[in-house]
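> Read off the chains here:
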Amino acid sequence: EAGVTQFPSHSVIEKGQTVTLRCDPISGHDNLYWYRRVMGKEIKFLLHFVKESKQDESGMPNNRFLAERTGGTYSTLKVQPAELEDSGVYFCASSQERVTGELFFGEGSRLTVL
Amino acid sequence: QQQVKQSPQSLIVQKGGISIINCAYENTAFDYFPWYQQFPGKGPALLIAIRPDVSEKKEGRFTISFNKSAKQFSLHIMDSQPGDSATYFCAASRRGATNKLIFGTGTLLAVQP
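Residue numbers (the numbering used here), protein chains in the order written: chain A, 1 to 114; chain B, 1 to 113.
Treat the hints with care, as some may be off.
[Unchecked claim] Pulled a few chain A residues facing chain B out of the computed Cβ check, cut under 7 Å:
| no. | residue |
| --- | --- |
| 1 | Lys41 |
| 2 | Ile43 |
| 3 | Phe45 |
| 4 | Glu52 |
| 5 | Phe65 |
| 6 | Ala67 |
| 7 | Glu68 |
| 8 | Gly71 |
| 9 | Phe91 |
| 10 | Ser95 |
| 11 | Leu103 |
| 12 | Glu107 |
[Claimed, not checked] In silico negatives: residues of chain A with every beta carbon more than 10 Å from chain B:
| no. | residue |
| --- | --- |
| 13 | Val4 |
| 14 | Ser11 |
| 15 | Gly16 |
| 16 | Leu21 |
| 17 | Ile26 |
| 18 | Asn31 |
| 19 | His48 |
| 20 | Ser53 |
| 21 | Met60 |
| 22 | Asn63 |
| 23 | Leu66 |
| 24 | Thr73 |
It is worth saying that the hints were derived from the structure and are not from the lab.
Glycine included, C-beta positions come from ideal geometry on N, C-alpha and C.
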């Protein structure tokens with residue numbers, strides 16, 4: 001069974017440009033999460049989808065970040081325009097249930113904003 | 001402010017030794033405390049987890065010790081092996097939002113052969 005896959009693995013962009021990160025959760029997992037780790041700091045929650053609906057987006061830093069999950073399958077996270085402080089590793093995770101506690105993480109998308 | 005404080009930032013242990021990583025939290029509404037293990041280039045993976053109704057949980061060489069009154073929990077790795085070298089994250093979450101994890105800053109563990 002395929003795990004959570006993320007694309008791209010690494011993206012380098014200039015400040016002010018746009019980047020779109022993609023996440024394909026484990027098949028059948030209705031719950032999809034985005035987390036971010038800025039270098040050396042904790043992994044922080046960004047938002048949670050249940051199928052195509054945003055359940056909780058309290059961790060989204062600002063309105064430059066837009067997450068979508070059309071059709072309840074894969075998800076995209078767009079950063080527009082990117083700022084230097086957006087650099088970090090963006091993790092996607094999925095779970096079958098909301099309260100089981102086991103999240104399955106992807107390998108992450110490393111974003112570098114120059 | 002940081003809701004889950006983790007220490008040390010890095011740790012070097014000899015093969016066969018015991019690795020100990022500590023975490024502390026403030027929010028008494030937390031009721032789920034997992035540890036995640038992350039190897040370079042990979043995503044974090046659930047290692048072991050505990051709920052506050054028990055003070056200890058053991059799975060193989062990995063043990064979580066939980067002190068509810070002190071609001072602290074720790075990961076002990078017995079007989080540490082070079083293959084255990086990884087970054088370890090403690091985390092916590094609230095009832096009803098179990099998968100909305102609040103992570104510590106991570107501990108980079110190196111087990112020397």
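> None of the hints should be skipped; say for each whether it holds.
Checked hints:
1. About 6 Å separates the beta-carbon of A:Lys41 from the nearest beta-carbon of chain B, less than 7 Å, and the hint is met.
2. Against a cut-off of 7 Å between C-beta atoms, the interface hint on A:Ile43 holds, since the closest Cβ of chain B lies about 4 Å away.
3. Hint status for A:Phe45 relative to chain B: holds, with the closest Cβ pair at about 5 Å, below 7 Å.
4. With 7 Å as the threshold, the beta carbon of A:Glu52 stays out of range of chain B, its nearest partner Cβ sitting at about 18 Å, so the hint is violated.
5. Here the hint on A:Phe65 is broken, as its CB sits about 17 Å from the closest CB of chain B, past 7 Å.
6. Of the supplied interface hints, the one on A:Ala67 is violated, with its beta-carbon coming no nearer than about 15 Å to a beta-carbon of chain B, more than 7 Å.
7. Restraint check, A:Glu68 versus chain B: the minimum CB separation of about 20 Å is more than 7 Å; hint violated.
8. Taking 7 Å as the C-beta contact cut-off toward chain B, the hint placing A:Gly71 at the interface is violated, the least distance being around 21 Å.
9. The closest approach between the C-beta of A:Phe91 and any C-beta of chain B is roughly 6 Å, which is under the 7 Å cut-off, so the hint is satisfied.
10. Taking 7 Å as the C-beta cut-off, the interface hint given for A:Ser95 holds, the closest approach to chain B being about 6 Å.
11. Interface restraint check: A:Leu103 against chain B, minimum CB-CB distance 6 Å, threshold 7 Å, status holds.
12. Satisfaction of the interface hint for A:Glu107 is found here, the shortest Cβ-Cβ separation to chain B being roughly 5 Å, below the 7 Å cut-off.
13. With a closest Cβ-Cβ approach of about 7 Å to chain B, A:Val4 is found to fall inside the 10 Å limit, against its non-interface label.
14. For A:Ser11, the non-interface assignment is confirmed: its Cβ lies about 16 Å from the closest Cβ of chain B, beyond the 10 Å cut-off.
15. No Cβ of chain B comes within 10 Å of the Cβ of A:Gly16; the nearest lies about 29 Å off, and the non-interface call holds.
16. The beta carbon of A:Leu21 is kept farther than 10 Å from every beta carbon of chain B, the shortest such distance being approximately 14 Å.
17. A:Ile26, annotated as away from the interface, keeps every beta carbon of chain B farther than 10 Å; the closest lies near 12 Å.
18. For A:Asn31, the condition that its CB be more than 10 Å from all CB atoms of chain B is violated, with the nearest at approximately 7 Å.
19. The Cβ of A:His48 does not lie farther than 10 Å from every Cβ of chain B; its closest approach is about 6 Å, which violates its non-interface assignment.
20. Once the 10 Å rule is applied to beta carbons, A:Ser53 is consistent with being away from chain B; the minimum gap is 15 Å.
21. No beta-carbon of chain B is positioned within 10 Å of the beta-carbon of A:Met60; the least distance is around 13 Å.
22. For A:Asn63, the shortest C-beta to C-beta distance to chain B comes to about 21 Å, beyond the 10 Å cut-off, and the non-interface label holds.
23. Here A:Leu66 stays apart from chain B, with its beta-carbon at least about 20 Å from theirs, past the 10 Å limit.
24. Against chain B, the non-interface label of A:Thr73 holds: every CB pair exceeds 10 Å, the least being about 19 Å.
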